[in-house]
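Protein chains: 2
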Amino acid sequence: MGEVKLIGAWGSSMTWRVQMLLKMKGIEHEYVEEDLANKSPLLLQHNPVHKKVPVLLHNGKAIAESLVIIQYIEETWENGPSLLPKNPYDRAVARFWAKYFDETCIPAMLKASKTAGEEREKAKEEAIELLKFLDNEVKGKKFFGGDTIGLVDIALSFGSYWFDIISEIVGLELITKDKLPNLCQWIDEFVNHSFVKENLPDRGRLTQIFTMFLGSAAK
Amino acid sequence: MGEVKLIGAWGSSMTWRVQMLLKMKGIEHEYVEEDLANKSPLLLQHNPVHKKVPVLLHNGKAIAESLVIIQYIEETWENGPSLLPKNPYDRAVARFWAKYFDETCIPAMLKASKTAGEEREKAKEEAIELLKFLDNEVKGKKFFGGDTIGLVDIALSFGSYWFDIISEIVGLELITKDKLPNLCQWIDEFVNHSFVKENLPDRGRLTQIFTMFLGSAAK
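Line by line, the protein sequences give chains L and G.
The first sequence begins at 1 in the UniProt record's numbering and counts up one residue at a time.
The second sequence begins at 1 in the UniProt record's numbering and counts up one residue at a time.
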């Protein structure tokens, strides 16, 4: 299937989404670590619009945006395990939730992590209200994808491990058992899934990196 | 293929995206007009997350978000004309630009339309910089989809007819020949495409509706 390169950044949950799928499908690829503080000509050439990782290069052709890349991989390497359900309706539902988490939930969660006092309380309540839809969606299921990990689980990875570290650094309690019980259970299942567990970035190093960015934020 | 209903709102460019594809593919459906000022139990039941149109109901199952609906239609009714390219790479590129327009360009364009004075000038320059990527993308082509209308053309419909009306109401000059020549040419091709032209909502009525919402905004 030709040459595959992934331009990514260590610790980036968006890069991780793509790495997981490449590993799941056993797609041989070269990983190119990007220095986000000093962006490379390779990144700027291939993602001039957003200048962000991840970028997938397949035979020299670039694809950006993790959810777009994931669909490209699914449609190009159709064999092997898949994150996307076979049924068009289930696929539409998965796309809807992945989009919802990226566009609506992540900004709200980050806002809560970056604010303080009353402003944080308000942002926290707003984020919880938004996440309740996902809490309800995963109720009675092991994963959003059912018994196996699917697109929504991979899309929500930031909400599990990454956001837990951020919350710890800034002293935020947002995803709690009393407010979002099913999401808490999902996080537990997700981070302890054998394939996920062995591929999560080191917590200590990730804490150091996030502390650099967030350490001075509200506590 | 069962019962198809579309919950939409007259004049909504997001509803229009889905209507165009249903018409293109000749999919029989019932159109249900939603009163956005007094949302119906039907809408709230089927899109409790966003409470927005359009919502497609296929045999009673709901799908929301126009770009998600379009992909569902493409994957469910595979016969007939298609908005999505056959090639996975071209499909990824189309998804990238549609997402870019929705998430990045539309908010910037609306900001320019809702501000005044120096703030508007700044917002305008920012929106132009973002739109330059799309201007470059359509350079030398009739449509984003090539010789025929594709996903990006339909996604950008708001940037053609709808935004032209908004610009007229609020006295904004944003998409101009000197700054965005290829996009201007695309708008001309798009709104004069026979299928598009005969399906555009009435300009007078759309002007009235937008004036109600925007009339009091900065001029």
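Treat the hints with care, since some could be wrong.
Said to hold, decoys possible - PhoX-like mimics (lysine-lysine), calculated; alpha carbons at most 25 Å apart, straight line:
hint, chain 1, residue 1, chain 2, residue 2
1, G, Lys86, G, Lys51
2, G, Lys179, L, Lys51
3, G, Lys124, L, Lys52
4, L, Lys51, G, Lys52
5, L, Lys51, G, Lys61
6, G, Lys99, L, Lys86
7, G, Lys51, L, Lys61
8, G, Lys99, L, Lys5
9, G, Lys51, L, Lys122
10, G, Lys132, L, Lys111
11, G, Lys52, G, Lys142
12, L, Lys141, G, Lys139
13, L, Lys99, G, Lys139
14, L, Lys179, L, Lys142
15, L, Lys61, G, Lys5
16, G, Lys5, G, Lys52
17, G, Lys52, L, Lys111
18, L, Lys52, G, Lys5
19, L, Lys99, G, Lys99
20, G, Lys141, G, Lys86
21, G, Lys23, G, Lys52
22, L, Lys122, G, Lys52
23, G, Lys23, L, Lys124
24, G, Lys51, L, Lys111
25, L, Lys139, G, Lys61
26, G, Lys86, L, Lys99
27, G, Lys142, L, Lys52
28, G, Lys52, L, Lys124
Keep in mind that the hints were calculated from the coordinates and are not lab data.
From a predicted model like this one, the values you see are computed outputs, not experimental measurements.
Hint check:
1. G:Lys86 / G:Lys51: Given pair G:Lys86, G:Lys51 is violated - Cα atoms ~33 Å apart, limit 25 Å.
2. G:Lys179 / L:Lys51: Holds: G:Lys179 and L:Lys51 sit about 23 Å apart, inside 25 Å.
3. G:Lys124 / L:Lys52: 24 Å, holds
4. L:Lys51 / G:Lys52: Violated, because 31 Å separates the two Cα atoms, which is more than 25 Å.
5. L:Lys51 / G:Lys61: Violated, at about 38 Å.
6. G:Lys99 / L:Lys86: 23 Å, holds
7. G:Lys51 / L:Lys61: 38 Å, violated
8. G:Lys99 / L:Lys5: Within the cut-off at roughly 23 Å; holds.
9. G:Lys51 / L:Lys122: 22 Å, holds
10. G:Lys132 / L:Lys111: 30 Å, violated
11. G:Lys52 / G:Lys142: Violated - the C-alpha atoms of G:Lys142 and G:Lys52 are around 32 Å apart, more than 25 Å.
12. L:Lys141 / G:Lys139: With Cα atoms ~48 Å apart, L:Lys141 and G:Lys139 exceed 25 Å; violated.
13. L:Lys99 / G:Lys139: Violated, at roughly 29 Å.
14. L:Lys179 / L:Lys142: Holds, at about 18 Å.
15. L:Lys61 / G:Lys5: 39 Å, violated
16. G:Lys5 / G:Lys52: The given pair, whose Cα atoms are some 15 Å apart, holds under the 25 Å limit.
17. G:Lys52 / L:Lys111: This hinted pair holds, its Cα atoms lying about 24 Å apart.
18. L:Lys52 / G:Lys5: Distance of about 39 Å is beyond 25 Å: violated.
19. L:Lys99 / G:Lys99: This hinted pair holds, its Cα atoms lying about 10 Å apart.
20. G:Lys141 / G:Lys86: 18 Å, holds
21. G:Lys23 / G:Lys52: Given pair G:Lys23, G:Lys52 holds - Cα atoms ~21 Å apart, limit 25 Å.
22. L:Lys122 / G:Lys52: 24 Å, holds
23. G:Lys23 / L:Lys124: It is violated: about 43 Å lies between the C-alpha atoms, which goes past 25 Å.
24. G:Lys51 / L:Lys111: Satisfied, since the Cα-Cα distance of roughly 23 Å is no more than 25 Å.
25. L:Lys139 / G:Lys61: It holds: about 19 Å lies between the C-alpha atoms, which stays within 25 Å.
26. G:Lys86 / L:Lys99: 23 Å, holds
27. G:Lys142 / L:Lys52: 29 Å, violated
28. G:Lys52 / L:Lys124: Holds - the C-alpha atoms of L:Lys124 and G:Lys52 are around 24 Å apart, at most 25 Å.
The structure shown violates the earlier hints numbered 1, 4, 5, 7, 10, 11, 12, 13, 15, 18, 23 and 27.
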